[in-house]
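Novice: Using the sequences plus the hints, can you model the full thing?
So the protein lines, in turn, are chains A and B.
Heads up: the first sequence runs through residues 1 to 205, numbered per our numbering.
Heads up: the second sequence runs through residues 1 to 205, numbered per our numbering.
If you are wondering where the hints come from, they were derived from the structure by calculation, not from laboratory data.
Incorrect hints may appear among the rest.
Chain copies aren't distinguished; within one or between two, either way the pair holds.
Restricting the straight-line Cα-Cα distance to at most 30 Å, the calculated cross-link-like pairs of lysine-lysine (DSBU-like) are [as the list claims (entries may be wrong)]:
1) Lys182 / Lys205
2) Lys160 / Lys203
3) Lys167 / Lys182
4) Lys205 / Lys160
5) Lys167 / Lys135
6) Lys106 / Lys205
7) Lys22 / Lys59
8) Lys178 / Lys59
9) Lys5 / Lys203
10) Lys178 / Lys5
11) Lys182 / Lys5
12) Lys106 / Lys160
13) Lys205 / Lys5
14) Lys182 / Lys160
15) Lys167 / Lys5
16) Lys160 / Lys117
17) Lys106 / Lys22
18) Lys178 / Lys203
19) Lys182 / Lys203
20) Lys22 / Lys160
21) Lys205 / Lys135
22) Lys135 / Lys117
23) Lys117 / Lys178
Quantities reported herein were computed from a predicted structural model and do not represent experimental measurements.
2 protein chains.
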Amino acid sequence: MISDKAIARISLYRRLLMDLHKEGREAIFSHDLAAIAGGSAAQVRRDLMAIGYSGSPTKGYIIDELVRSISDFLDCARHQNVALIGIGNLGRAILAYFTNRRPNLKIVAAFDNDEHKVNRVIHGCRCYHTDDLEKILQENDVKLGILTVSASGAQGAAEKLVDAGVKGILNFAPIPLKLPRKIYVENVDMSASIEKVAFFARKGK
Amino acid sequence: MISDKAIARISLYRRLLMDLHKEGREAIFSHDLAAIAGGSAAQVRRDLMAIGYSGSPTKGYIIDELVRSISDFLDCARHQNVALIGIGNLGRAILAYFTNRRPNLKIVAAFDNDEHKVNRVIHGCRCYHTDDLEKILQENDVKLGILTVSASGAQGAAEKLVDAGVKGILNFAPIPLKLPRKIYVENVDMSASIEKVAFFARKGK
DNA sequence: GATGCCATGTGAAATAATTCACAATGTTAA
DNA sequence: TTAACATTGTGAATTATTTCACATGGCATC
Chain A
1 MISDKAIARI
11 SLYRRLLMDL
21 HKEGREAIFS
31 HDLAAIAGGS
41 AAQVRRDLMA
51 IGYSGSPTKG
61 YIIDELVRSI
71 SDFLDCARHQ
81 NVALIGIGNL
91 GRAILAYFTN
101 RRPNLKIVAA
111 FDNDEHKVNR
121 VIHGCRCYHT
131 DDLEKILQEN
141 DVKLGILTVS
151 ASGAQGAAEK
161 LVDAGVKGIL
171 NFAPIPLKLP
181 RKIYVENVDM
191 SASIEKVAFF
201 ARKGK
Chain B
1 MISDKAIARI
11 SLYRRLLMDL
21 HKEGREAIFS
31 HDLAAIAGGS
41 AAQVRRDLMA
51 IGYSGSPTKG
61 YIIDELVRSI
71 SDFLDCARHQ
81 NVALIGIGNL
91 GRAILAYFTN
101 RRPNLKIVAA
111 FDNDEHKVNR
121 VIHGCRCYHT
131 DDLEKILQEN
141 DVKLGILTVS
151 ASGAQGAAEK
161 LVDAGVKGIL
171 NFAPIPLKLP
181 RKIYVENVDM
191 SASIEKVAFF
201 ARKGK
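Specialist: Structure follows, in C-alpha cells:
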C-alpha cells in the first residue's frame, strides 16, 4: 500500500503541475519538479512510479498527461462530497479556501450548534443545524468530513459524522479522536506545528 | 538529533497532560497516555526518554513534573515572539486560535498589504502594513513567522521575513518556499490533507 | 521478609522511507 | 553511422522510525 506521505506529495505535484500547465509549460524533468516541490529527484520518480506513469528519458514527463494520470490515481470517478462541522473563524476560512479549488471535492454543507449561524450561505455553502446532520449527509451522499470545532466538541461531532456514514475526517481540533479503526483520520495540529517551528528554529534541525 | 515527528508528539503530550492536570489527575502510565494521544506505549516511552524524564514503574509519570520537563525541553527560556503575515480569513482564524494559548509563544504583530486591514487590533494583535515589517520585527525580536497569504504572495512574504531575521516559518500557503536551508519551514498543506483523506477513506489505508 | 505483579527504560529487531547508483533508452551532433 | 550525453525506472543500500521484548526495580500482599 502506498504511504500517506507519498499521497500528500502526489497531490502537491498535481497542484504545481497544473500551475505550470497554465503557464504553457509542456514537459518537466524529475529534478525540476523536485526543485519546485522541495524534494529529491529520486523521490519524485518513485512517487510517479506508484501512479504508473512513465516519462521519456529525453523529454521528461509530459505535464498534461501526468496531471491526468495523477487524477486517475487520486480521484474518485464521481466527485466526493464533504461536510464541515464548526462554523467558527477556522471553519469559515476553510470554506473560503476550498471553494472551487478541486472540482472533485466539494463542501456541500456546513453545520453548527449555534442557531445564529444556520440557514445562511457562506462562500456558496449552505449552513445547517447539527441536529440535521445525519439527514443532510445521507441526502447528499457525504462520506468525508472536516472538523473545525473546539477541543471539547470534537469527539462528539466526530461520532455524529461516523454515525452518518462518513469514512474519512480531516480534524483541526487539537485533540486526537477515538474512532473505529476503519475511519481514516488526518489530524492537522497547528499548535504542534508552531511549537515544532519554534523548537527547530532555535536548535537547528 | 530528535525527529520532527517526535517533537510534534511531545507537544501533543504536553497539551493532553495539562488538561489531565486541570482535571486533578496526578499520574499516568505510558499505555494510558498512548491511548489518549493515539500512539503506542513504547513510542510514548521512547519520546519521554528523549526529553530525559523518568517515571516510576509503580506510579507511572507524575503529570506536573512531566509537563515541567517537557517545557524545559521544548521551550526557550525567554518567550519567543511570532509575526503573522496575511490578514485574511485564515490569518484571523489563527490569531483567534493562538491568543493566550501558549504563554511561551505570542503573536505580537500581524501584517498585510491592504491599507484597510492595518492599524487595527485583532484578537489582541496589532496590525501593520507589510512595509513596516522589518522595523517591527526587529523592535520586537521576532524570530518566527506564520504565513497565511495567497500562493502568489507567499515566496515574497517569506523572503521579507527571512530578511528581517526570522529563523522559522509556519507556511499555510499552498506552495513550497525556496529559502536558505538554515531556515526551518513547516508546511501545512490543507489541500493535500483533504485529498489524502479522500483517497484513504475510499481505498482504505 | 519473601513473592508476585506490573510498568519502566532500553538494546535489538523489524519495518518504513529515502537515497544511491546504474542499466536501459532515446536524442543530438559529428 | 556512431559516439557522447542526459534522463528514466528500479533493485539494492542506506537511513529513519517504530515496535518488540526483557532485565530492572519498587510496591502490595501474604
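Novice: Enumerate the violated hints, using their earlier numbering and listing them in ascending order.
Specialist: none
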